[in-house]
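> If you want the building blocks of each chain, they are given just below.
2 protein chains.
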Amino acid sequence: MPRGLKPDLNPSMPANKTTCQSLDESANPLAQLSALLEGDMAAVNDEIIKRMDSPVAMIPQLASYLIAAGGKRIRPLLTLAATQIYGGAMTRAHGLASAVEFIHTATLLHDDVVDESAERRGQPAANLVFGNQASVLVGDFLFSRAFQIMTDDGSLDVLRILSSASAIIAQGEVMQLANAGNLATSMKEYIEIITAKTAALFAAACEVGPIIAEADVSAAQAMAEYGLNMGIAFQIADDALDYDADRTKLGKDIGDDFRESKMTAPVILALAKADETEKIFWSRVIQEKDQRDSDFQTAQNILAKHNAIEESLRLAEQYGEKARLALAEAPDHECRAILNELVTYSIHRTN
Amino acid sequence: MPRGLKPDLNPSMPANKTTCQSLDESANPLAQLSALLEGDMAAVNDEIIKRMDSPVAMIPQLASYLIAAGGKRIRPLLTLAATQIYGGAMTRAHGLASAVEFIHTATLLHDDVVDESAERRGQPAANLVFGNQASVLVGDFLFSRAFQIMTDDGSLDVLRILSSASAIIAQGEVMQLANAGNLATSMKEYIEIITAKTAALFAAACEVGPIIAEADVSAAQAMAEYGLNMGIAFQIADDALDYDADRTKLGKDIGDDFRESKMTAPVILALAKADETEKIFWSRVIQEKDQRDSDFQTAQNILAKHNAIEESLRLAEQYGEKARLALAEAPDHECRAILNELVTYSIHRTN
Numbered sequence: 000m001p002r003g004l005k006p007d008l009n010p011s012m013p014a015n016k017t018t019c020q021s022l023d024e025s026a027n028p029l030a031q032l033s034a035l036l037e038g039d040m041a042a043v044n045d046e047i048i049k050r051m052d053s054p055v056a057m058i059p060q061l062a063s064y065l066i067a068a069g070g071k072r073i074r075p076l077l078t079l080a081a082t083q084i085y086g087g088a089m090t091r092a093h094g095l096a097s098a099v100e101f102i103h104t105a106t107l108l109h110d111d112v113v114d115e116s117a118e119r120r121g122q123p124a125a126n127l128v129f130g131n132q133a134s135v136l137v138g139d140f141l142f143s144r145a146f147q148i149m150t151d152d153g154s155l156d157v158l159r160i161l162s163s164a165s166a167i168i169a170q171g172e173v174m175q176l177a178n179a180g181n182l183a184t185s186m187k188e189y190i191e192i193i194t195a196k197t198a199a200l201f202a203a204a205c206e207v208g209p210i211i212a213e214a215d216v217s218a219a220q221a222m223a224e225y226g227l228n229m230g231i232a233f234q235i236a237d238d239a240l241d242y243d244a245d246r247t248k249l250g251k252d253i254g255d256d257f258r259e260s261k262m263t264a265p266v267i268l269a270l271a272k273a274d275e276t277e278k279i280f281w282s283r284v285i286q287e288k289d290q291r292d293s294d295f296q297t298a299q300n301i302l303a304k305h306n307a308i309e310e311s312l313r314l315a316e317q318y319g320e321k322a323r324l325a326l327a328e329a330p331d332h333e334c335r336a337i338l339n340e341l342v343t344y345s346i347h348r349t350n
Numbered sequence: 000m001p002r003g004l005k006p007d008l009n010p011s012m013p014a015n016k017t018t019c020q021s022l023d024e025s026a027n028p029l030a031q032l033s034a035l036l037e038g039d040m041a042a043v044n045d046e047i048i049k050r051m052d053s054p055v056a057m058i059p060q061l062a063s064y065l066i067a068a069g070g071k072r073i074r075p076l077l078t079l080a081a082t083q084i085y086g087g088a089m090t091r092a093h094g095l096a097s098a099v100e101f102i103h104t105a106t107l108l109h110d111d112v113v114d115e116s117a118e119r120r121g122q123p124a125a126n127l128v129f130g131n132q133a134s135v136l137v138g139d140f141l142f143s144r145a146f147q148i149m150t151d152d153g154s155l156d157v158l159r160i161l162s163s164a165s166a167i168i169a170q171g172e173v174m175q176l177a178n179a180g181n182l183a184t185s186m187k188e189y190i191e192i193i194t195a196k197t198a199a200l201f202a203a204a205c206e207v208g209p210i211i212a213e214a215d216v217s218a219a220q221a222m223a224e225y226g227l228n229m230g231i232a233f234q235i236a237d238d239a240l241d242y243d244a245d246r247t248k249l250g251k252d253i254g255d256d257f258r259e260s261k262m263t264a265p266v267i268l269a270l271a272k273a274d275e276t277e278k279i280f281w282s283r284v285i286q287e288k289d290q291r292d293s294d295f296q297t298a299q300n301i302l303a304k305h306n307a308i309e310e311s312l313r314l315a316e317q318y319g320e321k322a323r324l325a326l327a328e329a330p331d332h333e334c335r336a337i338l339n340e341l342v343t344y345s346i347h348r349t350n
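Residue numbers (numbering that gives the first Met the number 0), protein chains in the order written: chain B, 0 to 350; chain D, 0 to 350.
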């Protein structure tokens, strides 16, 4: 099918017959990937809806509250794309992509309890609507379901990759918790934390593709390397966006990390250049967690003065470059081209 | 080795060489099982300590806070005993018994967050010491570790049994949450809830034994049936104990279910016999959750008047009988004899 032609996809057509369709060149890479893999994503969504069902009504209610709200679906898209690139069975990818999304959703539900977040995906966080208790338990349910899906798939390699990623995510979250308010957090420790809490699942989502395709070990390594570095870049950019004043205009909820006294890239970079007054400021708002109304604005001003956002994005770009290099080892494919563009997009996106 | 002879167990001896040792006839069945499987339980404890380790210090700290506090270790003992009965490889049982205990510990950690419990295993609940956030995350870590252990073991049957049990536990907990304060909860619904939240893991812990031993399907079914019914009996007894005045003298924390407005067997039975005044009382304390200082004492008095504790235990005995019948299908074995005694003990224990 020629590129640039919008396919008239029949959503009821068997999803495993879907192959690469045309691109909408004007869209961002995630939208491109979604369009290209539209039939497969429809199959993933069907799988998600089927698997989050339960006779206990509150479970699909709460799960769909979060899942239906959208989000970028970046992780299942990574699994689908990586499977396509290596010519794996897409029916298997549908199930495993939904398992990856369930693990992600479970961590979001538990993260919201942890962070007492006010908003998630542009709506009040699930725990504020359904309560902390239900959020913890439905997270556990989705997590268990993810392992049921993997068990049904039957690959011990996939089970090993995703159970390991899950343990690493939890470790990363605990590390982040233990480091909140710790001004001495180094950039190395910060990278360690985001590698665990974010990049490990990106890596696993990508690695599953060549595993499904039964490609050789180096293929799995290359895709894991791509996912890992893209994930680090993605998270650094995310942490920079949390201080980005322009996003307030877009109706985005920003300043969460600041309010939770998280040590993220922009703060670590600004702290390294801080004068005495600024050091006292960071010590009060991060270490002592003593924050007043105007403090977030002050923090944004200090970051701007030291170009901390731009420097954060430059750091993200270094990991992005590693991601691109790893991806270059994958076979030439339309999906590979988009994954390559996705690196840049992850760093320079505005949402 | 003759029964009644206390073996001089060398804790450093290879755990897989441990077979059935002698019984201390005076002890309760759990103590008997622990003595009989002492070497195996030592191996399980080693596995637990090894597997809960993490470079993130807070994880082993929090996990060992709960795990080291003891508890009955009934679930890993069930896995060990069931494996012994069918002659399975004990080295595999050590790993999988620790996976079962990790799943249980994870649910306890999440349950404490959920229930805002004050005490667990005779010490302040972990969430009160380490915070809700850490409890949720360390629970997730242990849960992930459980699946890593199972993946290392490599049996998809075990993975299927335990991932399914995990999903069912979460469903049971959500069901319980949704039913709290609902006076219309029937005994059938209550049994459904405790089957999911408690008995499913007992069943899975038992079923793993014959699976390890590669026994036939009927063996796995019989052990699952034993575990399921013993688990139901165990939980009914647990719920009866929560209203047992004698336990206060033993320093036990009772009245948790009452304070959380949970509909458990004693309340359901007492409600069925309630006069108008009592109905108004239950409606206020359970449905409206409007509780005063003397209400728990009043509840205990009402339960005593209607013999609701005794009736609960009679109900537990019905499930206990089903458990004994299922167990009778297992081959004759010292461990089987103790598992049979364990049914009675589970119902009539005082802690």
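The set of hints was computed from the structure by calculation and includes no laboratory data. All values derive from a computational prediction rather than experimental measurement. Among the hints, a few may not be true.
You can't tell identical chains apart in this list, so a pair holds if it fits in one copy or across any two.
[What the hints assert, rightly or not] Each computed DMTMM-like pair below joins lysine to aspartate or glutamate, with the alpha-carbon atoms no more than 25 Å apart:
(1) K187 <-> D52
(2) K49 <-> E328
(3) K49 <-> E309
(4) K288 <-> D52
(5) K71 <-> D215
(6) K49 <-> E191
(7) K49 <-> D245
(8) K321 <-> D294
(9) K49 <-> E320
(10) K278 <-> E37
(11) K272 <-> E340
(12) K278 <-> E320
(13) K278 <-> E340
> Would you mind marking each hint as holding or not holding in the structure?
Okay, the hints, checked on the actual structure:
1. K187 <-> D52: For K187 and D52, only the inter-copy Cα distance (22 Å) is at most 25 Å; the intra-copy one is 42 Å.
2. K49 <-> E328: Intra 36 Å, inter 37 Å, cutoff 25 Å: neither.
3. K49 <-> E309: neither (43 Å within a copy, 43 Å between copies)
4. K288 <-> D52: neither (41 Å within a copy, 30 Å between copies)
5. K71 <-> D215: neither (30 Å within a copy, 46 Å between copies)
6. K49 <-> E191: between (36 Å within a copy, 22 Å between copies)
7. K49 <-> D245: neither (39 Å within a copy, 48 Å between copies)
8. K321 <-> D294: neither (36 Å within a copy, 65 Å between copies)
9. K49 <-> E320: neither (38 Å within a copy, 37 Å between copies)
10. K278 <-> E37: Classified as neither; 50 Å inside a copy, 57 Å across copies.
11. K272 <-> E340: This pair counts as neither: shortest intra-copy Cα distance 33 Å, inter-copy 70 Å.
12. K278 <-> E320: Neither, since 33 Å and 70 Å both go past 25 Å.
13. K278 <-> E340: So K278 and E340 fail the 25 Å test inside a copy (38 Å) and across (67 Å) alike.
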